[in-house]
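A.B. asks: The UniProt record's numbering puts the first sequence at residues 1 to 336.
Some hints could be false.
Each pair of labels, with its calculated beta carbon distance range [stated by the list, open to error]:
| # | residue 1 | residue 2 | range |
| --- | --- | --- | --- |
| 1 | Asp226 | Cys312 | 30 to 40 Å |
| 2 | Gly149 | Ala315 | 47 to 57 Å |
| 3 | Cys312 | Gly174 | 44 to 54 Å |
| 4 | Gly306 | Ala38 | 19 to 29 Å |
| 5 | Arg215 | Glu27 | 42 to 52 Å |
| 6 | Arg311 | Asp71 | 29 to 39 Å |
| 7 | Asp282 | Gly149 | 26 to 36 Å |
| 8 | Ala315 | Thr170 | 48 to 58 Å |
| 9 | Glu27 | Pro330 | 26 to 36 Å |
| 10 | Ala224 | Ala38 | 25 to 35 Å |
| 11 | Arg21 | Arg138 | 38 to 48 Å |
Rather than coming from a laboratory, the hints here were simulated on the basis of the structure. Yeah, the Cβ is synthetic: ideal placement off N, Cα and C, and Gly gets one too.
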Amino acid sequence: MPELPEVEVVRRGLGPHAVGRTIIGVEIRDPRSARRQAGGASGLEQMLVGTTVTAIARRGKFLWWRLADPDGADTGHALMTHLGMSGQLRVRSRAAVPAHDAASPGAAAPDAAPPDVDLPADLRAPAPSEGPASDPVRHLRIRLALDDGSHVDFIDQRLFGGLWTSPLVTADDGRTSAWGSPDDLLPRDAAHIARDVFDDAADLPAIARAIRRRRAPVKSLLLAQDLVSGIGNIYADEALWAARAHHATPGQALSQVRAHRILRACRAVMERALAVGGTSFDALYVNVDGRSGYFARSLEAYGREGEPCSRCGTALRRQVRSGRSCFFCPRCQRRR
DNA sequence: GAGCACCTGGCG
DNA sequence: CGCCAGGTGCTC
Numbered sequence: 001m002p003e004l005p006e007v008e009v010v011r012r013g014l015g016p017h018a019v020g021r022t023i024i025g026v027e028i029r030d031p032r033s034a035r036r037q038a039g040g041a042s043g044l045e046q047m048l049v050g051t052t053v054t055a056i057a058r059r060g061k062f063l064w065w066r067l068a069d070p071d072g073a074d075t076g077h078a079l080m081t082h083l084g085m086s087g088q089l090r091v092r093s094r095a096a097v098p099a100h101d102a103a104s105p106g107a108a109a110p111d112a113a114p115p116d117v118d119l120p121a122d123l124r125a126p127a128p129s130e131g132p133a134s135d136p137v138r139h140l141r142i143r144l145a146l147d148d149g150s151h152v153d154f155i156d157q158r159l160f161g162g163l164w165t166s167p168l169v170t171a172d173d174g175r176t177s178a179w180g181s182p183d184d185l186l187p188r189d190a191a192h193i194a195r196d197v198f199d200d201a202a203d204l205p206a207i208a209r210a211i212r213r214r215r216a217p218v219k220s221l222l223l224a225q226d227l228v229s230g231i232g233n234i235y236a237d238e239a240l241w242a243a244r245a246h247h248a249t250p251g252q253a254l255s256q257v258r259a260h261r262i263l264r265a266c267r268a269v270m271e272r273a274l275a276v277g278g279t280s281f282d283a284l285y286v287n288v289d290g291r292s293g294y295f296a297r298s299l300e301a302y303g304r305e306g307e308p309c310s311r312c313g314t315a316l317r318r319q320v321r322s323g324r325s326c327f328f329c330p331r332c333q334r335r336r
């Protein structure tokens with residue numbers, strides 16, 4: 001489920017906690033979360049233990065950890081993290097690790113301050129009370145132990161996400177490869193992903209021209225991660241609503257001005273979402289502290305079938321296209 | 001491009 | 001029971 005703003009919230013939360021730390025242990029509770037790893041669960045452990053995290057980078061919805069050997073040299077492989085539909089990374093200081101995992105009784109101490117994730121102070125919420133039925137810790141799949149006694153937990157209800165290592169390759173345009181990346185290297189498994197709309201190196205007019213060369217529905221083009229990345233079902237619908245465009249309009253039918261406007265709407269709506277910690281409807285998406293973002297209350301289209309459009313009052317509609325819901329205003333968003 | 005596979009749930 | 005869910009990758 002997490003789209004670009006949600007993954008960026010995780011990237012910002014993870015960096016201050018993990019960069020500079022050495023991975024001292026890897027506990028794989030469900031090997032399916034490591035199924036993309038060459039060599040499987042034991043391969044992942046071998047690749048990670050003893051390495052030091054030097055940066056957390058992100059392109060689109062793909063997040064990766066840059067790793068160095070004890071001598072400080074880059075290992076040449078990144079730890080990839082994809083959250084899929086339901087993945088979370090949660091950081092736990094030593095004292096916050098559940099009691100049954102604590103090495104010694106009585107080790108519990110007041111929790112350290114959580115990492116800053118750039119949420120405005122007035123939007124911070126208390127940690128959710130975790131009921132047994134929806135307890136995300138139930139879906140803990142992989143735990144990374146760091147050398148300061150803390151852990152990073154990968155939690156994933158639906159198992160579409162995962163952790164695996166991927167060798168670094170050079171970005172073909174020679175520019176800094178991604179947000180948070182120190183250089184032009186990126187994992188091979190992210191090399192087919194286009195730059196996202198937050199990326200300084202993304203050329204929106206060029207992406208607009210590429211959209212206009214395709215006859216596919218504009219929404220499916222926005223969701224195709226090899227044209228422009230980071231956009232998922234929620235923000236595609238929100239951007240199309242903001243730009244007054246119909247999801248089924250063929251790319252070829254758009255003027256350059258309209259195609260460019262849609263891309264700028266994607267960037268604008270995702271920037272507003274990032275500023276309030278992303279979108280979450282429930283405990284399934286949370287930041288590294290386990291807290292939810294606040295953009296769900298700002299959604300204009302997604303999930304609002306039957307509700308009045310805030311611009312014109314017309315009841316919003318829902319259509320299913322290639323298995324995914326499209327929410328839109330039938331009056332403001334005309335097919336042209 | 002569409003369709004399905006990969007999964008575990010919550011809800012009606 | 002059937003339908004729904006924030007994603008991606010592979011096949012036709």
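A.B. asks: Determine whether the Cβ-Cβ distance between Glu27 and Pro330 falls within the hinted range of 26 to 36 Å.
C.D. replies: The hinted range 26 to 36 Å is violated for Glu27 and Pro330, with Cβ atoms some 51 Å apart.
A.B. asks: Can you let me know if the beta-carbon spacing of Arg215 and Glu27 is within 42 to 52 Å?
C.D. replies: 49 Å, holds
A.B. asks: Can the suggested window of 38 to 48 Å be confirmed for the beta-carbon pair Arg21 and Arg138?
C.D. replies: 26 Å, violated
A.B. asks: Do Ala224 and Ala38 keep their Cβ atoms within the hinted range of 25 to 35 Å?
C.D. replies: The hinted range 25 to 35 Å holds for Ala224 and Ala38, with Cβ atoms some 27 Å apart.
A.B. asks: Do the Cβ positions of Asp226 and Cys312 conform to the proposed distance bound of 30 to 40 Å?
C.D. replies: With a Cβ separation near 35 Å, Asp226 and Cys312 satisfy 30 to 40 Å, so the hint holds.
A.B. asks: For the hint 19 to 29 Å, verify it against the beta carbon of Gly306 and that of Ala38.
C.D. replies: 48 Å, violated
A.B. asks: Take a look at whether the Cβ-Cβ distance between Ala315 and Thr170 falls inside 48 to 58 Å.
C.D. replies: This hint holds: roughly 51 Å between Cβ atoms.
A.B. asks: Are Arg311 and Asp71 spaced within 29 to 39 Å by their CB atoms?
C.D. replies: With Cβ atoms ~59 Å apart, the hint is violated.
A.B. asks: A range of 47 to 57 Å was offered for this pair. Does it hold for the Cβ distance of Gly149 and Ala315?
C.D. replies: 54 Å, holds
A.B. asks: Determine whether the Cβ-Cβ distance between Cys312 and Gly174 falls within the hinted range of 44 to 54 Å.
C.D. replies: About 47 Å separates the Cβ atoms of Cys312 and Gly174, which means 44 to 54 Å holds.
A.B. asks: Range hint 26 to 36 Å: satisfied by the CB atoms of Asp282 and Gly149?
C.D. replies: 31 Å, holds
In this structure, the hints that do not hold are numbers 4, 6, 9, 11, in rising order.
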